[in-house]
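Participant: Listed below, chain by chain, are the residues.
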Amino acid sequence: MMARLTTWLDERTGFQQVWQAIFLRKIPKVNWFYTLGSATLFVAMNQMITGILLTLYYVPTPDHAYDSVQYITFQLPAGWYIRGLHHWGASAMVVLVVLHMLRVILYGAYKFPREVTWATGVILLLVTIGFGFTGYLLPWDQKAYWATTVGTRIAGAVPFVGDWILRILRGGNDLSAVTLARFFGVHVWVLPSVLLLLMGIHLFLVIRNGISAVPTRKD
Amino acid sequence: MAKESKMNREGFLKGAIVSIVTLIGAALGLPALPYLAGPALQKSGDQEWIRLGPTSKVELGQPTLFKFKVKTQSGWIVDEQELSAYVLSNDGREFVALSNVCTHLGCRVRWIDDEKTFFCPCHNAVFDKDGKVAAGPPPRPLDKFEIKVQDNTLYIKGG
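Protein chains in written order, with our numbering: chain R, 1 to 219; chain Y, 1001 to 1159.
Among the hints, a few may not be true.
Short derived list, chain R residues pointing at chain Y, Cβ under 10 Å [unchecked claim]:
(1) Asn46
(2) Ile49
(3) His64
(4) Tyr71
(5) Ile72
(6) Pro77
(7) Leu85
(8) His87
(9) Trp88
(10) Leu203
Rather than coming from a laboratory, the hints here were simulated on the basis of the structure. For each residue, glycine too, the CB sits at the ideal point set by N, CA and C.
Can you make the complete structure from the sequences, with help from the hints?
Facilitator: Given below as structure tokens:
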């Protein structure tokens, strides 16, 4: 019965070929450092799921942001857990993408034919940092407020265009409701769209080109 | 259970992967359910006795207006609402607390002392001293609060 259903579906979708290409592909003999990319993917999925759950209660306005976060953390069943996963997952993600990048650099895995994979990876690193920067403001507590004040001021130190960048980031001269709203919008709409697109390309290329072997002394 | 000899490397790894994925899925999925349903499961009925004031304030045989505040919490937002009740007593021992909300469309009724009736200005509804409908469109008498007296102080509940 199950086999017939599988055949029926495969005849119409070819999903087994896709499954094989993704999960049953041939790889060279590698070591545990090669799991850092998958680990990043796993944490990214964790961030998506917990992030979606958080938006069900979080409200990005100055008069509700802090209270809604407190409500999630202390009133909702398992709210502390969902928020905790998102909070610590964010730190873990930054650590993992950096380690993943170091592995690619040290093993020379960015070389031909994998330059495009590398380039998308670099942008993905920046996107991850953007997630961290925008997400940090959302709890709207003292730490968030002042960290973003400082962070945007650093961006403002750029010669010539600094002041302009600072005003764009804050949506005005000071941190305000506008800042919170745009950080939220970027955090839940802009960056996830970019992330999903680039992750799709990145993973497609990993599968298409195969992964690089551990370099030998001769390389 | 399969014998150990029948378990090869691939089978073991497949089993391990399925178990770990199931475990992680449960760790993420199971807490999500109460998280999502939490506010819906919260009971709204747990009301407390609200202190109205001293029994001596009630004039015998005449509805006396008391104002009180009720806190309602929805999510992280706490609202304070000012409500009123008419307390009536004929003998100073038995007390009745009537809501001043008209049962027709929710306007506030007020006691007209000259006519000894409650009057609702919205659609000319009239209730008698005990809250029964005397004239106009209301479908039922004025609502009553649960009331108790403790140390010569009035407390009400419900509404």
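Participant: Give a verdict on every hint.
Facilitator: So, going through the hints one by one against the coordinates:
| no. | hint | in the structure |
| --- | --- | --- |
| 1 | Asn46 | holds (7 Å) |
| 2 | Ile49 | holds (6 Å) |
| 3 | His64 | holds (7 Å) |
| 4 | Tyr71 | holds (4 Å) |
| 5 | Ile72 | holds (9 Å) |
| 6 | Pro77 | holds (4 Å) |
| 7 | Leu85 | holds (8 Å) |
| 8 | His87 | violated (15 Å) |
| 9 | Trp88 | violated (14 Å) |
| 10 | Leu203 | violated (18 Å) |
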